[in-house]
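Protein chains in written order, with my numbering: chain S, 258 to 580; chain A, 85 to 378.
Don't take every hint at face value.
Computed cross-link-like contacts, DSS-like style, restricted to lysine-lysine with a CA-CA straight-line distance of at most 25 Å [claimed, not checked]:
#1 A:Lys178 <-> S:Lys364
#2 A:Lys253 <-> S:Lys366
#3 A:Lys253 <-> A:Lys371
In silico contact screen, one side only, chain A against chain S (beta carbon under 7 Å); selected entries [said to hold, decoys possible]:
#4 Gly195
#5 Leu199
#6 Thr205
#7 His206
#8 Leu229
#9 Phe232
#10 Gly233
#11 Ile236
#12 Ile345
#13 Ile361
#14 Phe363
Listed next, with one range per pair, are the computed distances between beta-carbon atoms [to be verified]:
#15 A:Tyr263 <-> S:Ala274: 20 to 30 Å
#16 A:Glu367 <-> S:Lys572: 47 to 57 Å
#17 A:Leu144 <-> S:Leu528: 48 to 58 Å
#18 S:Leu528 <-> A:Leu174: 35 to 45 Å
#19 S:Ala274 <-> A:Lys178: 51 to 61 Å
#20 S:Asn460 <-> A:Pro210: 55 to 65 Å
#21 S:Thr488 <-> A:Tyr263: 52 to 62 Å
#22 A:Lys178 <-> S:Gly394: 36 to 46 Å
#23 A:Ile345 <-> S:Phe489: 41 to 51 Å
No lab work stands behind these hints: they were computed from the structure.
Glycine included, each C-beta is placed from N, C-alpha and C at the ideal position.
Each chain is listed here by its residues.
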Amino acid sequence: MTKEKRQILIFLFFAAAVLATPLFLKGSYFLNVLVFIGINTMLAVALNLLLGYAGQISLGHAAFFGLGAYISGILTTRFAIDPWQAMGLAGFCSAGLAFVIGFPILKLKGHYLAMATLGFGIIMYITFNETVGWTGGPSGLSGIPNLHIGSLIFDNDWNNYYLIWIFTLGVMLLSINLSQSRIGRALRAIHDSEVAARVMGVNARVLKVQIFTVSALLSAIAGSLYAHTMTFISPVAFGFNFSVELVTMVIIGGLGSIYGSFLGAAILTMLPELLRVFKDFDIVLYGLMLILITMYMPGGLISGLSMLAKFVASKIRGKQSNA
Amino acid sequence: MDNSSQLAQYILSGLSNGAIYALIGFGFAIIHNATGIINFAQGEFVMLGGMLTIFFLVFLQLPLVPAIALAITLATVVGIVFERLAIRPLKNAKPLSLIIITIGASIFLRGAAMLIWGKDTHALPPFSGNDPLYIAGATILPQHLWIFGISILIIILNKAFFNFTITGKAMRACAYNSYAASLVGIDVKIMVLLSFVISAAIGSMAGIIIAPLTMTSYDVGIMLGLKGFIAVIIGGMSSGLGTVLGGLLLGLLESLGAGYISASYKDAIAFIILLLILFVRPEGLFKKKETQRV
């Protein structure tokens with residue numbers, strides 16, 4: 258079986274597992290957690306396109322998430338626009354902003370790019386907080402309508418789970434397809450050495466902006482979904498801390514790995530639950546995880562798992578040949 | 085308050101904030117020039133300076149000067165531990181990894197501060213009382229004079245160290261070309277450690293002298309660190325006059341913008357300045373354009 262076919266097969270297994278899970282979890286609180294894991298996975302995969310494939314760091318990605326959520330929220334509450342159309346507009350506006358800002362920002366490299374995206378993220382956060390007339394400011398925006406298809410309203414955990422995860426699976430499939438394509442190879446080339454890629458004919462400047470725009474679009478759609486399932490949003494969820502959390506998810510899962518992003522999203526979403534007693538330890542743990550994983554397991558937990566699998570397989574083979 | 089005294093007040097607070105940004109910027113510049121990395125955790129050294137001093141002052145009932153000295157020492161120790169554990173093992177890592185590690189360290193230090201001291205804001209008592217002076221219509225608190233005085237002292241000591249001492253010149257040699265420096269017998273590892281020591285000390289001092297004016301808490305490090313970074317970007321990553329001017333410029337623009345345009349967007353103004361500089365002139369306002377080997 259070719260590598261591409263094997264990736265599609267793995268994906269189908271994963272999708273089947275995702276779609277079958279609620280059947281085993283009827284009415285459980287865990288279903289609600291899984292909805293959040295779905296949204297975070299979508300965001301982490303979107304960021305991974307930029308960070309893992311193209312190697313461009315963004316410490317302000319929560320801004321696009323927030324922009325999508327607020328545009329959706331404002332259009333549906335103040336202008337009574339249909340939620341699906343609002344989602345489309347939210348995605349379009351965020352993509353537009355990313356495209357415009359992408360050209361100057363992606364000329365920067367390394368630390369400067371990190372700081373510029375950080376600054377952009379903070380500017381957006383301050384805007385969310387201060388334009389009280391539109392966004393409701395720190396008290397948030399409430400009364401956002403649920404999405405619906407005909408008479409099927411997405412207002413409970415069961416429906417929301419499938420709504421979110423169908424989108425997330427779509428995004429994951431998109432990323433797998435992208436990584437196997439010419440564009441994916443070009444992005445990885447840019448990651449390794451931008452100059453070498455440009456020498457080989459890759460239009461790095463435009464490609465970086467394009468992937469930045471796609472990443473922003475997907476994050477905005479995630480934001481819109483978030484707004485319509487939560488029906489209430491406030492700026493707190495879209496600040497610098499969440500941007501760092503997204504980067505942490507991608508890093509500990511594994512740069513460039515789709516399932517790694519899922520793993521990272523799952524771990525970080527469940528961490529506050531697991532640490533319920535030691536709630537304030539979460540920040541310290543994020544920092545430690547970032548440092549330790551980057552130092553000792555740069556490929557993320559996914560690479561750790563595959564190393565473990567190979568180790569176990571070689572032990573089994575060793576035993577079989579000895580027997 | 086009439087217009088000219090209002091202007092004078094904005095200029096005063098802008099300059100005093102700017103001096104702090106310049107000091108924090110020195111920290112960034114010194115580490116960057118010695119190692120090539122940007123230490124995202126620089127802001128946390130600033131935070132540690134203020135918080136540790138309050139801790140020693142309030143809980144251990146130490147007098148002011150020993151509390152300050154102990155706080156700076158402890159912050160420097162944290163810097164050394166950070167360099168040893170997280171930076172030294174990864175001298176040859178990808179730039180992305182180094183960025184992530186310093187971000188991770190910044191988060192870790194912030195989280196640890198929150199665990200130890202909680203989320204409250206604390207106030208450091210002013211060094212010499214609260215009686216204001218009135219110059220040109222602006223109210224100058226004694227703390228402002230301390231800020232200017234200590235900043236000027238640190239700037240002069242900095243310049244003297246890097247230009248007139250052997251160690252300082254050795255550090256500059258490392259910044260230009262660490263391989264060549266090691267060939268002439270300079271121990272680059274010690275220079276790197278020293279850069280962290282100096283940056284942590286200056287950073288924590290900056291945090292201490294601003295703490296009486298603007299309360300301090302576990303998360304002041306982010307904003308102060310970022311603004312120090314903006315100052316050093318404007319100044320072209322220099323550990324001298326460029327960063328000082330960058331810091332003062334940033335402080336002034338921020339203060340005037342907050343006063344005349346909008347106070348709640350004060351931080352946004354600083355970051356818009358950052359984006360403008362990075363887009364238009366990333367090598368800073370005071371440097372010639374550099375070329376880089378590919």
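Now for the hints, and whether the structure bears them out:
Among the hinted pairs, lysine 178 of chain A with lysine 364 of chain S is consistent with the structure: their alpha-carbon atoms are about 19 Å apart, no more than 25 Å. Between the alpha carbons of lysine 253 of chain A and lysine 366 of chain S the distance comes to roughly 29 Å, so the proposed pair goes past 25 Å and is violated. About 20 Å separates the Cα atoms of lysine 253 of chain A and lysine 371 of chain A, which keeps this hinted pair within 25 Å; it holds. Interface restraint check: glycine 195 of chain A against chain S, minimum CB-CB distance 3 Å, threshold 7 Å, status holds.
Satisfaction of the interface hint for leucine 199 of chain A is found here, the shortest Cβ-Cβ separation to chain S being roughly 6 Å, below the 7 Å cut-off. Restraint check, threonine 205 of chain A versus chain S: the minimum CB separation of about 17 Å is more than 7 Å; hint violated. Hint status for histidine 206 of chain A relative to chain S: violated, with the closest Cβ pair at about 17 Å, above 7 Å. About 32 Å separates the beta-carbon of leucine 229 of chain A from the nearest beta-carbon of chain S, more than 7 Å, and the hint is not met.
Contact between phenylalanine 232 of chain A and chain S, as hinted, is not supported at the beta carbon level, the nearest pair being about 28 Å apart and thus beyond 7 Å. Evaluation of the glycine 233 of chain A hint against chain S yields a violated restraint, the C-beta minimum of about 31 Å exceeding 7 Å. The interface hint given for isoleucine 236 of chain A is broken, as the beta carbon of that residue sits about 28 Å from the closest beta carbon of chain S, more than 7 Å. The beta carbon of isoleucine 345 of chain A comes no nearer than 12 Å to any beta carbon in chain S, farther than 7 Å, and the hint placing it at the interface is violated.
Among the interface hints, the one on isoleucine 361 of chain A is violated; its C-beta lies about 10 Å from the nearest C-beta in chain S, farther than the 7 Å criterion. Contact between phenylalanine 363 of chain A and chain S, as hinted, is supported at the beta carbon level, the nearest pair being about 4 Å apart and thus within 7 Å. Between tyrosine 263 of chain A and alanine 274 of chain S the Cβ separation comes to about 52 Å, which falls outside the hinted range of 20 to 30 Å. About 55 Å separates the C-beta atoms of glutamate 367 of chain A and lysine 572 of chain S, a value consistent with the hinted range of 47 to 57 Å.
A hinted range of 48 to 58 Å is violated for the C-beta pair leucine 144 of chain A and leucine 528 of chain S, which are about 34 Å apart. Judged by the Cβ atoms, the range 35 to 45 Å given for leucine 528 of chain S and leucine 174 of chain A is violated: they are separated by roughly 25 Å. The hint said 51 to 61 Å for the Cβ distance between alanine 274 of chain S and lysine 178 of chain A, and at roughly 33 Å that hint is violated. A C-beta distance of roughly 58 Å is found between asparagine 460 of chain S and proline 210 of chain A, which places it inside the suggested range of 55 to 65 Å.
Checked against the hint of 52 to 62 Å, the C-beta distance between threonine 488 of chain S and tyrosine 263 of chain A comes to roughly 60 Å, which is consistent with it. Distance hint check: the CB atoms of lysine 178 of chain A and glycine 394 of chain S are about 40 Å apart, consistent with the given range 36 to 46 Å. Look at isoleucine 345 of chain A against phenylalanine 489 of chain S: about 31 Å separates their beta carbons, and that is not inside 41 to 51 Å.
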